[in-house]
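There are 6 protein chains.
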Amino acid sequence: MIKMIHILLFVLLSVLLSSISNASVNDFCVADLKAPDTPSGYHCKSPTTVTADDFVFHGFVAGNTTNTFNAALTSAFVTDFPGINGLGISAARLDIAHGGSIPMHTHPGATELLIMVKGEITAGFMTPTAVYSKKLKPGDLFVFPQGQLHFQANSGKGQATAFLAFSSSNPGAQLLDLLLFGNNLPSDLIAQTTFLDVAQIKNIKARFGGRG
Amino acid sequence: MIKMIHILLFVLLSVLLSSISNASVNDFCVADLKAPDTPSGYHCKSPTTVTADDFVFHGFVAGNTTNTFNAALTSAFVTDFPGINGLGISAARLDIAHGGSIPMHTHPGATELLIMVKGEITAGFMTPTAVYSKKLKPGDLFVFPQGQLHFQANSGKGQATAFLAFSSSNPGAQLLDLLLFGNNLPSDLIAQTTFLDVAQIKNIKARFGGRG
Amino acid sequence: MIKMIHILLFVLLSVLLSSISNASVNDFCVADLKAPDTPSGYHCKSPTTVTADDFVFHGFVAGNTTNTFNAALTSAFVTDFPGINGLGISAARLDIAHGGSIPMHTHPGATELLIMVKGEITAGFMTPTAVYSKKLKPGDLFVFPQGQLHFQANSGKGQATAFLAFSSSNPGAQLLDLLLFGNNLPSDLIAQTTFLDVAQIKNIKARFGGRG
Amino acid sequence: MIKMIHILLFVLLSVLLSSISNASVNDFCVADLKAPDTPSGYHCKSPTTVTADDFVFHGFVAGNTTNTFNAALTSAFVTDFPGINGLGISAARLDIAHGGSIPMHTHPGATELLIMVKGEITAGFMTPTAVYSKKLKPGDLFVFPQGQLHFQANSGKGQATAFLAFSSSNPGAQLLDLLLFGNNLPSDLIAQTTFLDVAQIKNIKARFGGRG
Amino acid sequence: MIKMIHILLFVLLSVLLSSISNASVNDFCVADLKAPDTPSGYHCKSPTTVTADDFVFHGFVAGNTTNTFNAALTSAFVTDFPGINGLGISAARLDIAHGGSIPMHTHPGATELLIMVKGEITAGFMTPTAVYSKKLKPGDLFVFPQGQLHFQANSGKGQATAFLAFSSSNPGAQLLDLLLFGNNLPSDLIAQTTFLDVAQIKNIKARFGGRG
Amino acid sequence: MIKMIHILLFVLLSVLLSSISNASVNDFCVADLKAPDTPSGYHCKSPTTVTADDFVFHGFVAGNTTNTFNAALTSAFVTDFPGINGLGISAARLDIAHGGSIPMHTHPGATELLIMVKGEITAGFMTPTAVYSKKLKPGDLFVFPQGQLHFQANSGKGQATAFLAFSSSNPGAQLLDLLLFGNNLPSDLIAQTTFLDVAQIKNIKARFGGRG
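Residue numbers (this note's numbering), protein chains in the order written: chain C, 928 to 1139; chain Z, 928 to 1139; chain L, 928 to 1139; chain V, 928 to 1139; chain F, 928 to 1139; chain B, 928 to 1139.
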């Protein structure tokens, strides 16, 4: 009798599961990074090949800060972590040595939420008329609204660490110095559109590999 | 003279149609279910192969309710009905025999609108502090806001039928019993994270095919 | 001992509920129709005054078809059913007597899904180069992609009934005859921009109350 | 010493650039028009093949207005201008000779913003109860909210020109005359669903190529 | 001469700033929690009263885990942190003592990204046919796609800490035990829609304050 | 007899119009700029007070370019043109005298489409590894994808004019010089986060009114 119920149950389950297994296609969409991208994200890997490992990212650890910036950014964006494809979220880890900083940059179209973990960071963003800046310590969060130019500088005595969350699975990171001085934008055009002196421009271009 | 106008007209029409026929690509996007999915839905079938049949779904009829649940769900989700791809809407039909129910479940990210057709259904959803539940008769609608845990039980004397509309072309249907007891989630982990007794868990696992 | 666990439990619950009760604000947003509208919908009623009745709509019943169109539309849009505010879904009931029709119309920005309930309806939408039209019987669904001009005509021998679901909580219903002939758009301007004869225009204006 | 800094700098840059070059995939998504479309737009061309030319559209010039409408529409939609794929914007140029007009039409789901450049255009849209119409001169803008039926007629003494911007990269242009009279929609069905006389319908069908 | 340039400059700046100061209204929208909510979030505080403090949240610290769950959730949702209003992101901190867990729950419509900070947590979510679960250590991330039922259990030897980011400024946290056993949902209805025994239901209701 | 049909018709119309007049609330949402803003835009003016004038913007004319930049931006954003509220589109007019430019700036979260009207403009945007820049003449369009740092410089012999369309009703305009040198961001912090010399910074601050 109980067996019969079980058989009937599985008849129903197979009916119910027909819609459910279809539906599970969209519960997640792990990126197939070898296929082309679309405006909404990468193609979905076949759900039958997805495993728990697709939803884990390893290596959210301190980067090497022995460099000019005395800073390192370790990203877990969709191209690093295919499981977040289409889900509108990603993360990064920030390590800044004494005296270092992540220079001025924007994330086009993504908001950034900073979680302080260790040390002290002075973080802020600017509008044409105001500066919104604070010294942050462990236990503090700071939000940089989408697309705003912002910075993070170690203002403490030792190493500083922060975790970053973004409202996009692929926020990018447009460093101002690289945009202005790291490509082949002509120096006189930069001077005209920034009011910087040409000498200053050429000086920084030498450091960031810019030509022209 | 009129003929000449017609000729000129068609010259213009062909110009106008050049943008119009391009544009019609996006007026609809019938799913090519054989191609990969993306976060925004399936690839579009070539518009030149689309016919009126792509916008029709047949078989929105009573399912077989001779089973343990005494209930049947007939879905018209994007995988059943490719014409709704990318349009943010889908439907299902609910048939519940006397004493039956659609047990607790969620649709991740989709709102459900229930249209009562026949009989009486007690439907509701819960928040941690309140139950929003009503007895529904033909002529009544009920809305289950997105992602809320909800149920539908036949509370009348005969068969009950309802039509469901969803704010997603692929709403899924996550039955709580299948999530907890239909896969290989370890029983002691279920006990720890639900406060159910292990004996109770094993009992229901036996019915829903769960292992572990 | 068990009592102590319960006390401790409620200590935790009150902590957990502090975020949960806040969060429930956004699980739903029942419209306060007396307050102003915004681009995303109406203000939310205070969650403490929301009851199960806010999620039910009564009166999804046959409208009166004794009129020129031999048809009736009974809407459950956000202004009729505040519980669907912000949820991207709504519904309507269509009753068409023998020989009647819902004339050409659009829903700006909303897709419509038609569920046949009784009788026979010929439904369709047009692009500049094609007509997508079908005779529909109970058990059939038809989808009208967003913003497309479409119609529903009773093509059977008796009454016809269909339920409609929309991908917007306020889809509107722009009847072509009312847009062209029901307001004070000048007849010569209509003639110029539709290629209809002025006599024809004035004739239909007389029926739909148009001036000018 | 400075050289050493530069070396260290490039070590960091290569670390930073690893995320940046990935991220740049999504800063833009130039359409690969040969690949299939998706609900969010076309596949992205490989970023390594993108050049400045992908972001430029040539040919936004006066169209030929020697035709029945005395008007021309030159579109820069995604199928004409792949660089706007996924960016939610597009444009068109409108040239209307003396006495001409762009007849009644809709853009399903896209808002249109008209910028007057030359001459005088009377533009407007209608709701069932009101006409929102104005005579526009250079220096004026007019907005047609999404999905509304609207028209533009030259009401001045010479040529008129306007630029149009749309809130979609593929807004379409559904001309009412083509929807009703340019395909094979049966004349009696048109009569029933528009209240036009069959003679009038057949008359206009002859002009727009409609059959049936 | 330089002075004149400065004067002219400020003339231009005032022109440019007229649009810029308007625009800054939308660069951020700090919530006015005393005004009503809308489907897109709270009303914006007047930008002239916004200071850097609006973008900081203090108190992202360990919660008290001396309770039945041996766990604590510290939320930084929009109702706790008005600066994230309308930005589609929020955060929480999770502290779980030895043997504790955050029981089964969902966030309707929000994806959750977990960043491991200390100890070991076993985290996972389930579909009807699979369990996606992993043991996580510092340096690991895990993503729970939107609306999925999931859990986090301390599987290590000491305290465990994780930071959570959500793709919504108000993700909620629907604990399964509270939804089923913490309100006045009738026990026989729970039994019918979960397949749990009534005795088991009443037992857990006693712990979570449920009536009926 | 015909009269009777008309009476019956108006009975139906009043039924149909009950939903239609409600629906028209959402066909557009003209901003009430005196009420607070929300994340989705301003409150809607009462539809009964809306007239055709709400959909027109006057003053899209050449601005005064007699200033340091030799350039003028005339905006038609939502705060200038309430009729575009909630519609995801806006416009601006650019006039640049010989030798002038609109310096480096971003629109957070909005794409910009430039329509060349007169003269010659060199326009472009940069990623860390490439410059996408072109000389534009009348008949050319250029698109700046959302959030990218970009510029427009008059590279011709006379005046240059362009019209701009944005994929947001409130795109803002974040001029880099104002963000860095127009507020009270400390000079040493700017130096640290841009690699500019302090002397250079102070020099430009003097021109843009910056302190600190």
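Bear in mind the hints are in silico, worked out from the structure with no lab data behind them. Hints are supplied without guarantee of correctness; some may be wrong.
[To be verified] What follows is a set of in silico ranges between Cβ atoms, one per label pair, in the way DEER data are often shown:
1. B:Thr978 with F:Ala989: 21 to 31 Å
2. C:Lys1062 with B:Gly1085: 46 to 56 Å
3. Z:Ala1126 with C:Gly986: 36 to 46 Å
4. Z:Ala1126 with F:Ala989: 34 to 44 Å
5. F:Lys1062 with C:Thr975: 20 to 30 Å
A virtual CB, placed ideally from N, CA and C, is assigned to each residue, including glycine.
In rising order, the numbers of the hints this structure does not comply with: When the structure is compared with the hints, only number 1 turns out to be violated.
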